[in-house]
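Trainee: Sequence:
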Amino acid sequence: MPPFEELHTRMLDVGNLHAAAAVLEWDQEVYMPSAGGPARGRQLATLNAQAHALFAAPEVADLLGHAQEQAGLTPDQAALLEEIAYDYARASRIPGSLIRRFSKARSAAYQAWLEARGRSDFALFLPHLKALIELCREKAECLGYEDTPYDALLEDYERGMTTARLKPVFELLARRQSDLVARIGRVSGKEAAPWLRQRWDTARQWEFTEFVLRDMGFDFKAGRQDRSAHPFTTNFSIHDVRITTRLSEDDFFSALFSSVHEGGHALYEQGFREEDEGTLLASAPSLGIHESQSRLWENVIGRSLPFWRHYLPALRALYPGQLDRVDAEDLFKAANRVSPSLIRVEADECTYNLHIILRFELEVALIEGKLEAEDVPSAWNEKIKHYLGLEVPNDAMGCLQDIHWSHGSFGYFPTYALGNLYAAQLLATMQRDIPGLWEEIGRGAFGACLDWLREKVHRIGRRKTAVEIIREATGADTGPDAFLDYLESKYASLYNLHF
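In my numbering, the protein residues as written are 3 to 501.
Heads up, a few of these hints could be off.
As the list claims (entries may be wrong) - Here are the computed lysine-lysine pairs in the BS3-like style, where the Cα-Cα straight-line distance is at most 30 Å: (1) LYS492 x LYS169; (2) LYS132 x LYS335; (3) LYS335 x LYS492; (4) LYS335 x LYS372; (5) LYS458 x LYS492.
Unchecked claim - Label pairs and their calculated CB-CB ranges: (6) HIS500 x GLU470: 37 to 45 Å; (7) ALA41 x ARG445: 45 to 53 Å; (8) TRP440 x GLU470: 43 to 51 Å; (9) PRO40 x PRO437: 42 to 50 Å; (10) ARG226 x GLY38: 36 to 44 Å; (11) SER94 x PRO40: 23 to 31 Å; (12) GLU148 x PRO437: 29 to 37 Å; (13) SER94 x HIS500: 18 to 26 Å; (14) LYS372 x GLU173: 26 to 34 Å.
Everything labelled a hint here was simulated from the structure, so no lab data went into it.
Please read these numbers as outputs of a predicted model, since none were measured by experiment.
C-beta atoms are modelled at their ideal positions from N, C-alpha and C, and glycine is treated no differently.
Let's have the full structure, built from the sequences with the hints guiding it.
Mentor: Below, the structure written as structure tokens:
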């Protein structure tokens, strides 16, 4: 068998093992009984260790070298080999024993986090957090870094990004967004619209989310939606993409925006090329790019006035009598109300990045050993006060609200903010490329938008880096300017501000 074909077959087996592990992880968060946690940890450890051993074996380096020298490779085959080489260089530095320990620790930490959050007791999660921080530090040492161990972890999620590059961008965002929030606070009302204070039937919420997902282009023959404590997206192939949402009778927007956000991720996963199925090319080059898709659908499209004009009749039919005195402008203003809040996933566009920045600062300090795990609640509460001016009443609404640390996903949070920046750049170009974009959205016709994203982002997969995708799609380098222009323009209009 030619070396490329042999390596390709081996990589498909690695992908199948990862997909099997993903099924178990999905089940753990959606259906698994809590008592199944220890066994699930062992199962995941076995699968992940086997996948790592198959991928990081010394003979893969030989196969890779021979495959790269093979005559007649297509551009796609050459691109795939480049991505395999990149992943192999990182994976081969990590011992299989660390993979096993990490998998077991993650599974145990997730179950502990669920209990700790439910009881609002950080002490229940603390030993697991300590263990994962140590494992992440160990991983960083294996991978190597120049300036800070956090960079080695950040590379897993945003290739080429460093702490040094993020800090000045985040400082600018914090300054400009804090100023915007303060200006809005001086002219806005303190209370949410009275009509929001009703009970919203969760079965009807579910029906509406699936209705919108279908309109967006989500293929329910190649995916499904379920409920979980923390909304997420996962895929086992481009023909099996799962999303979850959460429902609350007290929150009109939560389920919708969770579903639209995860739907944006899912459209990306369903949009890879058929011929890339099972390979590294059928994946995103960074989580920042992935987040750009979810943030664009959730915030830019899902919170737009044309969106609400289109869906108001359907909502009135779903909730008879509850929205009779509410018009599209009311929905639009309520969906874009700016008010500092404790919960990241409920944050408005103006304060969301502030949530990310405080998590980034805490993560860097934890990984560098400048903050002890025991001090996370107090450090968290101080930063919430600094950035958002709020007091944290309990751990569940503070440092236990996110799932990420229970997964050992240090380095993930910055990609949410980067996704906002990328989304704004893509939006600016999309509006130029698609005349009448907002008129189409006002008719519930998202096809032109999705087709544009398919061409400019989805079908590229990992053939290009995040920086290359943004540059080629927009003609500009990545940066915060487009996002800040979008934010300040939108909210100046909403709140009658003058810059």
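Trainee: Determine for every hint whether it applies to the structure shown.
Mentor: The hints, checked one at a time:
Proposed proximity of LYS492 and LYS169 is supported: the alpha carbons are some 25 Å apart, at most 30 Å. Between LYS132 and LYS335 the CA atoms are separated by roughly 42 Å; this puts the pair beyond 30 Å, and the hint is violated. Taking the CA atoms of LYS335 and LYS492, the gap is about 11 Å. The hint holds against a cut of 30 Å. Restraint check for LYS335 and LYS372: not satisfied, since their Cα atoms lie roughly 42 Å apart, outside the 30 Å limit.
A distance of roughly 25 Å separates the Cα atoms of LYS458 and LYS492; the hinted pair therefore holds under the 30 Å criterion. Taking the beta carbon of each, HIS500 and GLU470 are about 38 Å apart, inside 37 to 45 Å as hinted. About 50 Å separates the C-beta atoms of ALA41 and ARG445, a value consistent with the hinted range of 45 to 53 Å. Take TRP440 and GLU470: their Cβ atoms lie about 28 Å apart, and the range 43 to 51 Å is violated.
PRO40 and PRO437 have their C-beta atoms about 58 Å apart, which leaves the hinted 42 to 50 Å range violated. Under the hint 36 to 44 Å, the C-beta atoms of ARG226 and GLY38, about 21 Å apart, miss the expected range. The hint said 23 to 31 Å for the Cβ distance between SER94 and PRO40, and at roughly 30 Å that hint holds. A beta carbon spacing of about 47 Å between GLU148 and PRO437 contradicts the range 29 to 37 Å that was offered as a hint.
Distance hint check for SER94 and HIS500: the Cβ-Cβ separation is about 57 Å, which falls outside the suggested range of 18 to 26 Å. Between LYS372 and GLU173, the C-beta spacing of about 18 Å breaks the proposed range 26 to 34 Å.
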